[in-house]
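K.L.:
Here is how the chains run, residue by residue.
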Amino acid sequence: MGLEQFKNRNVGTQEYRVLDLQESPKTPMAKFAQVAKRTFKGELFVGLGVTVREMFNALFRGQMHTVKYPLEKLPISPRYRAIHEMLRLLESGHYRCIGCGLCEKICISNCISMDTRYDENQRKEVSEYTINFGRCIFCGYCAEVCPELAIVHGPRYETASEQRASFSLFEDMLTPIDKLSLQQEYDGFGAVSPNADENIKKTPLAY
Amino acid sequence: METTTLIGQLPEVTAVGVAIKAILILAIISAVAGFGTYLERKVLAFMQRRLGPMHVGPYGLLQIAADGIKLFTKEDIVPQHANAVIFKVAPVITAATAFIALSAVPVFPDFRIPEFIPVLGGTFVPSIASDVNVGILFVLGMMAAGLYGPLLAGMAQANKWGIIGAARTAIQFLSYEVITGLSILAPIMLVGSLSLVDFNEAQSGGFTSWFVWQQPVAFILFLIAGFAETNRTPFDLLEHEAEVISGYATEYSGMRWGMFFIGEYANMITISILAAVVFLGGYNDFGFIAGWIMILLKVAFFFFLMLWVRAAWPHVRPDQLMWLCWKVLMPIAVINVVVTGIVIMV
Ligand code: SF4
Ligand code: SF4
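Chain order of the listed sequences is A and B.
Numbering (numbering that gives the first Met the number 0) for the first sequence: 0 to 206.
Numbering (numbering that gives the first Met the number 0) for the second sequence: 0 to 345.
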């Protein structure tokens, strides 16, 4: 591989343009000439044209940017670590958590507390499971360590609450059984966002 | 003129009519000025691909009511070291002069109240509160006097931003006033009268008789000066937030602040009507479109133009405004007047 290829800094398809800025005029006459030129060149009307074009785009071509936030929400990146969710098995609808306790163990702010017992089939079941969101730092370790992809970070990012300690119970975080078909698989911590390709800029390697 | 005969015959009826018209102007223009703030926010928002006010009422239409409640119920604060009397008088000057200026502006064609309306049916109504014979000078003079509002407000409030705002008021006033006068002089020479009603009559010959075709330079100069007069972008130096906090209005809040803005919007409407009457054929019928619709359309266009320009253009520095007015626009205006004079003589 030749060095040329590394030195090629012209990456991607971004449209970088160099502005053609002329030197500012020095003499009064040159200043006047510049004003006259700019006045009659109609550049001011270009500005008017741009704004009115954007207005038409917004009103008639559906390019309005406003998101009416509490009513509409933008999708959030799968890498975002928001309020936890407990997922269910798609086949049986049973919760995925096997009560292994790894999340409780790894939680660095000690905010998960859980208890388990044997049910009538001698199968382990989760009897208590709470997360204290007043302490949780949303580090994501619990989701990362979970062997069953049971505890994950969901898309709910409004975390303000009235109390400092706001506990979330297992049932609250569990996917409601009637919404099972809507359950989203968690891409996980480190997953790329859906539009990653557009966002990535190739970095020139050789300097 | 019909008005003079009416005055001659029934002085008391005319006086009542003038009072009614004055109240109507006050009511309608302050309502329209309030609505103008809504329009301004909406149009600016659309031009930036935003929605603007949306939540109070359908499409945010009741936003004005919410603003009104807010302005009226805010605590009325007079700063400690301010000159209280002048501080309180200043906003009244701005609002009052803006409305007084409107008294000599004809808005609609003269009309008769339809016969089926009980008491007033059949009365002839000239749509101008007072057709004073110095019409246009009176309007411009009143609007110029309105600048005492920002000037006194800025100086009375014991605030350095206010002082800067007041100084900028003076600069702006010194800059544009000469252009307004000189640009309007050429059409005045063509009409030979200062009454706005005469201006309208002089352009009754349809589209081609509009003065904008005879006096394009004066039209553009008048628009530029009008933008400066109403303190609109690109000449919004008096209270440009990015530079002088709020300029002359820094210490104002509540309804005192609101009065400045009612005055500003009333002035925008006045300038729009003036531009329409002096240059764009006023309230003459246009083909099959009735005159009163035409003038509403024209005023709406100029109002929209002011918002449009605000969305599109950056504003100039005070020294640039002065440079522009005295070194560029004034010579052009003078040349325009001289050329018009020569053409009239020949
Ligand atoms: S995100 Fe971190 S702090 Fe929060 S519960 Fe999971 S491990 Fe604990
Ligand atoms: S790590 Fe996963 S499976 Fe284990 S207890 Fe926590 S949530 Fe349940």
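There could be a bad hint or two in this list.
To be verified - Some chain B residues judged to face chain A by a derived CB distance under 8 Å, without partners named: (1) F45; (2) R48; (3) R49; (4) L50; (5) M53; (6) W307; (7) A310; (8) A311; (9) W312; (10) V327; (11) M329.
As the list claims (entries may be wrong) - Below are the PhoX-like pairs computed for lysine-lysine, each with C-alpha atoms no more than 20 Å apart in a straight line: (12) K25/A with K326/B; (13) K30/A with K41/B; (14) K73/B with K36/A; (15) K41/B with K67/A.
If you are wondering where the hints come from, they were derived from the structure by calculation, not from laboratory data.
Beta carbons: idealized from backbone N, C-alpha and C, even for Gly.
K.L.:
All hints, please: hold or fail.
P.N.:
Hint-by-hint comparison with the structure:
no.	hint	result
1	F45	holds, 5 Å
2	R48	holds, 4 Å
3	R49	holds, 5 Å
4	L50	holds, 4 Å
5	M53	holds, 7 Å
6	W307	holds, 6 Å
7	A310	holds, 5 Å
8	A311	holds, 4 Å
9	W312	holds, 6 Å
10	V327	holds, 7 Å
11	M329	violated, 14 Å
12	K25/A with K326/B	holds, 17 Å
13	K30/A with K41/B	violated, 38 Å
14	K73/B with K36/A	violated, 49 Å
15	K41/B with K67/A	holds, 15 Å
Checked against the numbered hints above, the structure violates hints 11, 13 and 14; every other hint is satisfied.
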